[in-house]
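Protein chains: 2
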Amino acid sequence: MKKVLVLGAGQLARMMDLAGSPLNMDVKAYDVRSNTVVHPVAPIHVYGDLAHGIAEADVITAEFEHVAHDTLATCEASGKLLPSSQSIKIGGDRRLEKQLLESCQVPNAKHVVIESKEDFEQAIEQLELPIIFKSALEGYDGKGQWRMKSVDQAENIWQEMSDFIAQSKSLVPQGIVAEQMVPFSREVSLVGARNTHGEVAVYPLTENHHTSGVLSVSVAAPIQENLQQQAADVFAKLTEKLNYVGVLAIEFFQVGEQLLVNEIAPRVHNSGHWTQQGADTCQFENHIRAIAGLPLGSTHLVRPTAMVNILGEDTVPNEVLAIPSLTMHWYDKEKRAGRKMGHINISGHDELELAQRLVALANILDDQAFPDLAQFAKKYLSRVSK
Amino acid sequence: MKKVLVLGAGQLARMMDLAGSPLNMDVKAYDVRSNTVVHPVAPIHVYGDLAHGIAEADVITAEFEHVAHDTLATCEASGKLLPSSQSIKIGGDRRLEKQLLESCQVPNAKHVVIESKEDFEQAIEQLELPIIFKSALEGYDGKGQWRMKSVDQAENIWQEMSDFIAQSKSLVPQGIVAEQMVPFSREVSLVGARNTHGEVAVYPLTENHHTSGVLSVSVAAPIQENLQQQAADVFAKLTEKLNYVGVLAIEFFQVGEQLLVNEIAPRVHNSGHWTQQGADTCQFENHIRAIAGLPLGSTHLVRPTAMVNILGEDTVPNEVLAIPSLTMHWYDKEKRAGRKMGHINISGHDELELAQRLVALANILDDQAFPDLAQFAKKYLSRVSK
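Protein sequence lines, in the order shown, are assigned to chains P and U. Residue numbers for the first sequence, in the working numbering: 934 to 1319. Residue numbers for the second sequence, in the working numbering: 934 to 1319.
These are calculated hints, taken from the structure and not from any lab test. Just so you know, not all the hints are guaranteed correct.
[To be verified] No farther apart than 25 Å at their CA atoms in a straight line, the calculated lysine-lysine pairs in the BS3-like style are these: (1) U:K1043 x P:K936; (2) U:K1273 x P:K935; (3) P:K1266 x U:K935; (4) P:K1268 x U:K935; (5) U:K1082 x U:K1102; (6) U:K935 x P:K1273; (7) P:K1311 x P:K1273; (8) U:K936 x P:K1268; (9) P:K1273 x U:K936; (10) P:K935 x U:K1266; (11) U:K1273 x U:K1076.
None of the values given here were measured: they were computed from a predicted structure.
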């Protein structure tokens, strides 16, 4: 049995454990708030502190990119951390992310890094309006993002932005990345894995829908070969550059027939949860396989599958369980408005059947709790009925 | 979160937990040897004795039919046991099983219950040779079964049989069921579920292959409608008669176009492990749904799928993981000759692809550890290639 320590004790570590147990993996989770190693599914069981967890583990990985840098350094010093601290940090800092994209010549939105008033003015000069300003480090609750549609807003935005930077408590200096807003037709993401032997496998591109800035629905279905190839090429370039090991997700804006990278996440990803039901091997198992040096499992799409996030709710009507092919994935978390509490996976033998089942699901679920689902399902049904 | 206590702490309880966690079920397992309630996946964690486990549980179920009768009585007295102790006991006593089959007028092998020398003589008179004698209660290591091909063997067999009965330490009197051997073409089994509301759902019939009397391979693929219907009818009759709640498995002998019941198991079953990968909802989740009063999940076959048991081995070559659609299911048990240590699930988009993958698997696995697999895979490939 191989022992895996996951930095972070949320739903991603939980699902790594559920996928890892059948593969004979002993997965434990490091809860950064309590500084203890816990059972990922039954966190009531505590196994000591980080040092002990590191000593016990065969391999260490992360379920989120905002791990404290000293923690990453300690883990990396053990020689067990995969992916590398460099890869994890890139996911947590938009400046590093942009540097990586540029160094790999990967298409992305035109941007300027802002660290001073001069940079800010240059950004307005160099980029076309509208511009979106994003904090380089973690933002939260919609903070750390500003949209500029007219230069009249410049003074106000600069004021807010410089206050925001000044208030940062991060050990790493906060900064801003200004991006020219992209007139995209949709957002898609690619989840894939690269193992310790350099073997790569990517899942089909997933189409993502957001509600108030949070992912609400992902759909995986057969997709145009040219888009899939573009995304796979980007995945190969980035992961090779980083000598990346594990699952990595890339979010893209689709503009015409071109994909521009929006951001990358050095971990299993919400837009890959559908793989638990719709793919030969799920992203959680492939992450474990990758970091354990095992062959990657096939990422083949078994049948069209959608994932619906459950936000801020700790129950849904039991009747949804009667919908064929529907499985619930609760995270056993305390209810909090907007919090990711679980997700629903649902499949069909073709997209029409999937769309019909999504409509049936939306009819049962509460409109307030799933505000955009009914509309999405109806549109999707009309699209695939043609 | 609903709390489930499973009587038995083996792989079936383990897989109920892995399937139950995403459904927001807290599954615990009662280890009869240590008389403690433990975590089904991490049995290092102990939660007290049976009385405590019963008090904490919302619903109690069993992963094996040979639970001590006083334990069943205690659990039933709590009003939480599903299926009923009667149903569980029937699975543990061939006499009760035969009574049930007869009372439901379900086709099965001609038989005589033996409790005395007179019964024994009557069995030889009433049944055609060859006859198989099976102990009514649990046999082990091939003990408790005798085959008679000629009446010359009668004296010897009776001697062994009466010694065997005399040595029984069971509180329930041991007995023997004599069965006329059935010239079957193959063995198939039906796994299905019935929930607290009387809703029934059955999986497609599975074809089973045994090696030295132990299940080695099960294959689930589209099957003749008339056989499926016969089996489903038997399932409906038996479960209604018992007011059964949970998953139940029925093993059949196929003779021509008729199915004769061989035996029933009042629980999730080894021949249903393929459902983890090949069905809309796996048998473990459906068992939990059934006893928790939730709607049953669809039992639809997503794609042809086989299950290969791992007996007496605690490792297989890593390269098997490179076969598409293949997943490992280890039980984290100590290695012991012949012991069920895990299983492999493998699928194909059709039977031809499945058969090709089984051949690839057999080519990698050790012949000694999987003695009949290569031959089975070759035959299966030749059958589906036609």
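Hint check:
no.	hint	verdict
1	U:K1043 x P:K936	53 Å, violated
2	U:K1273 x P:K935	20 Å, holds
3	P:K1266 x U:K935	14 Å, holds
4	P:K1268 x U:K935	17 Å, holds
5	U:K1082 x U:K1102	29 Å, violated
6	U:K935 x P:K1273	20 Å, holds
7	P:K1311 x P:K1273	24 Å, holds
8	U:K936 x P:K1268	19 Å, holds
9	P:K1273 x U:K936	23 Å, holds
10	P:K935 x U:K1266	14 Å, holds
11	U:K1273 x U:K1076	18 Å, holds
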